[in-house]
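Number of protein chains: 2
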Amino acid sequence: MKRTIFFLSDGTGITAETLGHSLLTQFEQIQFDKITIPYIDSVEKAQQAVAQINHAAEKDGVKPLVFSTLVNPEIRSILANSSGLVLDFFAAFIHPLEKELETKSSHRIGRMHGLVDYNAYMTRINAVNYTLSHDDGIGSKNYAQADLILVGVSRCGKTPTCLYLALQFGIYAANYPFTEEDMADLKLPAALQQHKAKLFGLSIEPERLYLIRQERRPDSRYASLAQCELEVKKVEQLFRKENIPYLSSTARSIEEISSSLLTTLGIKRRLS
Amino acid sequence: MKRTIFFLSDGTGITAETLGHSLLTQFEQIQFDKITIPYIDSVEKAQQAVAQINHAAEKDGVKPLVFSTLVNPEIRSILANSSGLVLDFFAAFIHPLEKELETKSSHRIGRMHGLVDYNAYMTRINAVNYTLSHDDGIGSKNYAQADLILVGVSRCGKTPTCLYLALQFGIYAANYPFTEEDMADLKLPAALQQHKAKLFGLSIEPERLYLIRQERRPDSRYASLAQCELEVKKVEQLFRKENIPYLSSTARSIEEISSSLLTTLGIKRRLS
Chain A
1 MKRTIFFLSD GTGITAETLG HSLLTQFEQI QFDKITIPYI DSVEKAQQAV AQINHAAEKD
61 GVKPLVFSTL VNPEIRSILA NSSGLVLDFF AAFIHPLEKE LETKSSHRIG RMHGLVDYNA
121 YMTRINAVNY TLSHDDGIGS KNYAQADLIL VGVSRCGKTP TCLYLALQFG IYAANYPFTE
181 EDMADLKLPA ALQQHKAKLF GLSIEPERLY LIRQERRPDS RYASLAQCEL EVKKVEQLFR
241 KENIPYLSST ARSIEEISSS LLTTLGIKRR LS
Chain B
1 MKRTIFFLSD GTGITAETLG HSLLTQFEQI QFDKITIPYI DSVEKAQQAV AQINHAAEKD
61 GVKPLVFSTL VNPEIRSILA NSSGLVLDFF AAFIHPLEKE LETKSSHRIG RMHGLVDYNA
121 YMTRINAVNY TLSHDDGIGS KNYAQADLIL VGVSRCGKTP TCLYLALQFG IYAANYPFTE
181 EDMADLKLPA ALQQHKAKLF GLSIEPERLY LIRQERRPDS RYASLAQCEL EVKKVEQLFR
241 KENIPYLSST ARSIEEISSS LLTTLGIKRR LS
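Respectively, the protein sequence lines represent chains A and B.
Residue numbering for the first sequence follows our numbering, starting at 1 and increasing by one per position.
Residue numbering for the second sequence follows our numbering, starting at 1 and increasing by one per position.
Quick caveat, the hints were computed from the structure, so don't treat them as lab data.
Since no wrong hints were added, every one of them can be taken at face value.
The list treats identical chains as one, so a pair stands whether inside a single copy or across any two.
Cross-link-like lysine-lysine pairs, in silico, DSSO-like; alpha carbons within 27 Å at most:
(1) 198 with 141
(2) 63 with 34
(3) 59 with 45
(4) 2 with 99
(5) 104 with 2
(6) 234 with 198
(7) 268 with 2
(8) 141 with 196
Bound conformation, chain A alone:
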């Protein structure tokens, strides 16, 4: 069974995709063909979108599912006449909100990911710069500025998590890879000892680490299963000995790790 899915937006389409994906994950037995149509900001573009939807309906023999965050009433009414099942986020929630807030909504399009103020932009950029210049143990003298320091063995997912935190939330996220020597002594390096409250550990299943390291340096000692097992065992001992909160990255997305660690350390986002 297969369905065509449309994400319609007067902006980037990111919100329509996020909302649509979260609903579609509830129907995992069905295959979906996904099409995003962003920047629908005129009657002509709305009519083109309707033509695309109707074409898919004819081809598939079933209604396409249409997730829409369109705001403009005229454009929404054009889409309402398509052959798709239109799930209109704006229609569902804006009226109860207007009533409760006793305010008319602005009905302005492209609001969500369209606007940027200079301060928010600089917060984001500065966080990305900090994170890039404190990746992989570099710049450990400047940890006073860090919001958090992610620690763990090489290739357990520290760098992408830190970059996500910087881009999404404006967090100053440093990371430090434990070396074999750090772990042999079961002792935190001095640069970390000073900032212990900012530490969060990432662990990983040895088998997963082995796969990841094999892609990077096939057949090296570094990528051997024995080495991966040893390092993971040691790093978890160190986390426990030093009372560093940690979790495993094996079955978690970067989003989930980020959300958990901000909650655990009680770190306030600089962007929301």
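Once you've looked at the hints, dock chain B against the given chain A.
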């Protein structure tokens, strides 16, 4: 006027926040105090959330707005009895979807940002690695692997845009900063000339560039307004002469730039 907003989720809370933010941007005259409560996966946690909502309602004297992506029916019914205005994303859309798809939804919690398969994880990691090792003109010999090469003057927003594309969509995004020499000749360097179809330009208002560069190297020639004006003028001449599609980053978010350039170049995402 001020309102307390709650984002409730059995997962990270990202979908609830996305939904809520996109609706709240329609009411810009109102100030919102935002609280995310993630991982509500038990009756006790649901009751704690209700207590928090009721406390805010009493303190504010008006109903808090509650954006919920909770999936479990028992937990949702507990929340429905809070003093907040509950906007229940799941309730609004899952029934029409079940009816159209003639399938019961799985009602499983934490689906959206919780699961990861190994291939999707590696696509993301490999894209981040590629992007980091092809930042700021480095690695220009490996542009054959790039999905796109972002070009522009120093500090116009190339690096954060490339990192966003890598993390969000698994795109191999290189970037190359034009030097004064490149622009003086109005000529593309050979490494770029070979991959012209992958080029996308970023421009920026000189006044904004000046502000950004002043934060980086105050009072340098590099950060002077005259230099910023000259570079922006030259780079736009080069874009036009070489027919490189470009847009200005001044009033656009990273999300919007990313979405536009993928559409313009017709680049397929590696993750969706």
